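*Asks:* Chains as they are written, first to last, in this note's numbering: chain D, 1 to 103; chain C, 1 to 103; chain G, 1 to 103; chain X, 1 to 325; chain Y, 1 to 325; chain Z, 1 to 325.
Calculated from the structure, these hints are not laboratory results.
Keep in mind it's a predicted model, so treat the numbers as computed, not measured.
Just so you know, even glycine gets a beta-carbon here, dropped at the ideal spot from N, CA and C.
Among the clues, some could well be false.
A few chain G residues that face chain Y, going by a derived Cβ cut-off under 10 Å, partial list only [unchecked claim]:
1. Q2
2. A17
3. R19
4. G46
5. G52
6. H86
7. R99
Non-contacting residues of chain Y with respect to chain X, defined by C-beta distances greater than 12 Å in every case (computed) [said to hold, decoys possible]:
8. D65
9. A66
10. V69
11. A80
12. T99
13. L152
14. R155
15. P164
16. L211
17. L224
18. A249
19. T309
20. I318
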Amino acid sequence: MQTHPAKRVEIIIEAPAQRRLVRAMNDAGIDAYTILPVLGGSGRSGRWSRDGQVSTASGMISVTCILRSDRLDGLLNAALEVVERHIGVVSVTDCEVLRAERF
Amino acid sequence: MQTHPAKRVEIIIEAPAQRRLVRAMNDAGIDAYTILPVLGGSGRSGRWSRDGQVSTASGMISVTCILRSDRLDGLLNAALEVVERHIGVVSVTDCEVLRAERF
Amino acid sequence: MQTHPAKRVEIIIEAPAQRRLVRAMNDAGIDAYTILPVLGGSGRSGRWSRDGQVSTASGMISVTCILRSDRLDGLLNAALEVVERHIGVVSVTDCEVLRAERF
Amino acid sequence: MDGILALAAANLISPVILSFALGVAAALARSDLTVPEAAAKALSIYLLFAIGFKGGAAVAANGIDARLVGTLIAGLILSALLPFVAFALLKVLTNLSRTDAAAVAAHYGSISIVTFVAGTTVLESAGLTAEGYMVATAAVMEAPAILSALWLISRGNGDDEMEPGLWREILLNGSIVLLVGSFIIGAVTGQDGLDSIASFIVAPFTGVLCLFLLDMGLVAGRGLRTSARLLGAGAIVFGVTMPLVGSLAGLGAALLLGLSTGGAMLLMTLSASASYIAVPAAMRVALPEANPSIYLTLSLGVTFPFNLTIGLPIYLAIARFATGG
Amino acid sequence: MDGILALAAANLISPVILSFALGVAAALARSDLTVPEAAAKALSIYLLFAIGFKGGAAVAANGIDARLVGTLIAGLILSALLPFVAFALLKVLTNLSRTDAAAVAAHYGSISIVTFVAGTTVLESAGLTAEGYMVATAAVMEAPAILSALWLISRGNGDDEMEPGLWREILLNGSIVLLVGSFIIGAVTGQDGLDSIASFIVAPFTGVLCLFLLDMGLVAGRGLRTSARLLGAGAIVFGVTMPLVGSLAGLGAALLLGLSTGGAMLLMTLSASASYIAVPAAMRVALPEANPSIYLTLSLGVTFPFNLTIGLPIYLAIARFATGG
Amino acid sequence: MDGILALAAANLISPVILSFALGVAAALARSDLTVPEAAAKALSIYLLFAIGFKGGAAVAANGIDARLVGTLIAGLILSALLPFVAFALLKVLTNLSRTDAAAVAAHYGSISIVTFVAGTTVLESAGLTAEGYMVATAAVMEAPAILSALWLISRGNGDDEMEPGLWREILLNGSIVLLVGSFIIGAVTGQDGLDSIASFIVAPFTGVLCLFLLDMGLVAGRGLRTSARLLGAGAIVFGVTMPLVGSLAGLGAALLLGLSTGGAMLLMTLSASASYIAVPAAMRVALPEANPSIYLTLSLGVTFPFNLTIGLPIYLAIARFATGG
Ligand SMILES: Nc1ncnc2c1ncn2[C@@H]1O[C@H](COP(=O)(O)O)[C@@H](O)[C@H]1O
Ligand SMILES: Nc1ncnc2c1ncn2[C@@H]1O[C@H](COP(=O)(O)O)[C@@H](O)[C@H]1O
Ligand SMILES: Nc1ncnc2c1ncn2[C@@H]1O[C@H](COP(=O)(O)O)[C@@H](O)[C@H]1O
Ligand code: NA
Ligand code: NA
Ligand code: NA
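Same shape as in the complex, but just chain D (with noise of 0.2 Å):
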């Protein structure tokens, strides 16, 4: 089947940068993006868990957005921009995508 190229990235980052990055992301232009939910973590401020947490400072979310590479850098700085101030972690990975026309 026929597949294009594309970037994966993956942000871990604490759920209240939330706003900050959407909006981060937005203003380089990228408002296609994934939220999925992380339960726990552990990173050089130690370890933490969602379980019973009722204020939402504590917590992380994972931002998946896939994106052609020529964008890759407005959401790399976007991102940069938000997690040296905030708590978390971007990678990237080369995947390839169906239907090209929709990122």
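On the provided structure of chain D, position chains C, G, X, Y and Z with the ligands as indicated by the hints.
*Replies:* Coordinates of chains C, G, X, Y and Z with the ligands only, in the frame set by chain D:
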């Protein structure tokens, strides 16, 4: 450690289409997959969020399927058939797996 | 933007094995990871779904770990040790990360 | 006329309605207030279980008679026919595509169980009661409208076959199964059964309803904020006209059946209300090409609040007038 | 005999049992009705908290005596020994692997707290009460069976060391900690404590139980649908024989201890019931090689409904006969 | 003195406090007991709705007077000024960075609604009541402290502009909107409204609070286990000194306003308590550089249990002494 090349397909699709997608995958002989919940997202049809939704109408899921490359086309055909009618995105990544005999 | 090659390992494993997996990863010197919830899936042992489950016995999680390639084998060994006894799947993808010093 | 306004005002200043308003206001102001999805689903399970059970227990108390059977049949016919009325009205008032119009029409043939409950509350505060089997009528009216909408589409396409299993999937929608199932449990266990769980399904019911409506307000407000621009003036006019049309159809049936004032008012309410749980889910499966933002915003963002605030007192006034109650 | 049948019939036509039946039926019919996982877990937290607290308050009211201590010890021994009986029975009736048989055996030594509660309800409708410390007995019986099963396996492997921390992890399982913890809170705060939260943990209890059993029915039905083929006739025979065997062991202990009719019936019920929360979780950690579909389907899909419908009236009839109550 | 100890002891042996202790103990023992996030959020929605509604209904019953307005203004000023006191104290007692100190200070200027509710319970068991508008005071005190903390930081940075929309996002935090909104609903619908949902928001309230505190204990215990090492002795001293300092500031304001003994005790409690829902969320947005483990552990792991167990009886004793109540 010995790893083996495989394909990792991720299908982000609206939740009500899950049964249809699984049926199509089964018909294509694929019955190993994992479904992750999706919190929200944005695309051509605007932003949405799972918060507070009572109906199963609004909401997406992410179906991950790891498989040998020779079975990729079968899966993509099955996925495309469903994704064409429903809201959804399909991406394929090269990956390596342990214990190739499972896939 | 400057990115750096890294590996993205995704371990889909039954939830009751989480402690064991984390312990094995820590023993291998790896303590940065993110855990995503899993809604359901299908494999050689049949279909399952998290809906309505009261016991923690049924249910899987997805552990994502981004790390430098030279640490990959340590992680895979740790993961394999646990996955061999438990229900689970391991896949590795090449990725690029921002801010390499974190990994 | 004064009576209607007084009742409407009293209805508006109730915790239930104000909770809905709070939700809408919070969403429009972009507050991050949300009810977790699992909690919202749990609330709806509670409500369906409680409504069904109490309806069943009421039928057990009153027994089955010809009017019950007649009312169920009337509900079935109303649900099956109203989509055609809605479809025609949409063709006149809007320029929605055939598919979108059919999907919207399915919602208005079917019912909203929370509107039904709010109607019961309005009845109670007016000192009226209704036939116990109105809950069963509500259950019966959930699905036929979906079939009518699909027929509208397939006739248009010249292809009148339905995907195998689809009809089954629609009928076995969780909310329908729960409502019918708990109705049967209530009917079988009767007053004894009701007594044993009344402090769970009766006493706290109105309070739980407040939280549920808070959530519905949040979802409706969010929908209005993001999708109102999809609705033209015509669609909004439809969203307040169709309930009135539906209510009159319901009234006609009620008069033919000889229902009590309360029963007439509830049949009007059911006919006037639009689904936002079962039918949207069915439409995503059966008519995925239809745009969900349109039918969800119209049903939950326009018609639901219209019925809740203005519609219910009107239906009661008309029912009283027509039945002499 | 007539009495048993009448009681069994009355038991069957209760909202609690019918809610379970509704869940099973919906799952078998492939309805998409589901209770969200978080809601199901919340229901189980509520039930464990309420059961533990009420048990503790009952002990506070009656004080501690020798029979209490004796009953706890008896529960411990029953839980530790019943897995050997179950294992032997499985070897005769099925051809399960040693590991699978040991895992199943652990479930039948341990207990199901919802079966226990259903037993209490049956007692109440028969106008009987039981010793308040039966909840504590239930808590004591949760875990020993797990150790026995692990011993059965390690003896077979010739390796009798347990992974460090495993035993601790088993004992600190959330459901055990919550049951024991709320029991202690109930015992410490006594009647005053109970009064302050009775309208939360007493009044709505049966209603909440209905929703919980609806969910258990859904899970059990789903399990039956996908995994029934894993169970041979032998396993199913085991699933209804073992509870009877267990109940007789419980009866023996109760007679030795001189428990009341109600106490005897509940100790029988505990011995007859099979775990589906704590033990499955422990098995995934301690015996991951065992197939979860087998023990879950057997415990939740066969033995739980058997006890709920047929078992409980039988245990009560036997307890009455044996204690002359 | 004896009276204080007796009251403190009685307070400690309540289901609510013991549920918190159970949670802490389970978390410290590494039990896997957890309350699902969605259930915890649902519990907090219930509590905020119930607290706000009851406060509003109380104001509706008593009417608005000058003292009400004065108390709201006093609350506003206390919330705005206490962060400066906290900041100074932190500079003396700890070597936290300017940012971390400001973030912690914001928490102590703001309030904890569960501590407030626990204070009400202590009042009730002492046979006292308070002005109905204390809930409104609590709502008013949520946010000003955040602004003060941001001002402390921006002054330090020489940059005193705030990101556009930030202030709005802070004020529209879900918990603030829900508390204020339900307060208004309670005030508008008054006693009739309260009666219609009392069996939901009044009767089961204390029981729901137990489960909520169980969850808070679990989260606090987990925080202590993983982050206690981040707190030096100085920070812990701050965590128990600052509430006392805050309570005295609250007492001063109460005396100036001429509040009742109960009102004074609650204003002290509000001033003494530290936020762990609204402010942590605001800090992640406004001061993401501050370390959340520090302020969460201090507020939820140190000050919250201190207030709950030792603080409340002390505040009551002082309030009684100072107001002659
Ligand atoms: N290398 C990594 N791989 C996957 N997730 C990570 C990694 N590093 C950090 N994270 C996630 O980001 C969160 C915050 O990381 P940190 O800022 O290092 O504490 C962690 O709790 C993890 O959820
Ligand atoms: N490029 C993309 N990257 C990630 N997720 C996407 C993308 N496009 C669409 N989606 C997801 O698919 C949903 C529907 O997309 P659409 O049909 O474009 O509205 C969105 O709400 C997103 O969750
Ligand atoms: N090839 C695969 N791709 C994605 N997920 C898988 C795959 N195989 C197994 N899984 C996941 O692992 C679980 C257990 O697999 P199994 O041990 O094969 O039953 C399944 O329920 C899936 O969630
Ligand atoms: Na209708
Ligand atoms: Na047993
Ligand atoms: Na304070």
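*Asks:* Which constraints among the numbered hints does this structure fail? Numbers only, ascending.
*Replies:* Of the numbered hints, 1, 7, 16 do not hold.
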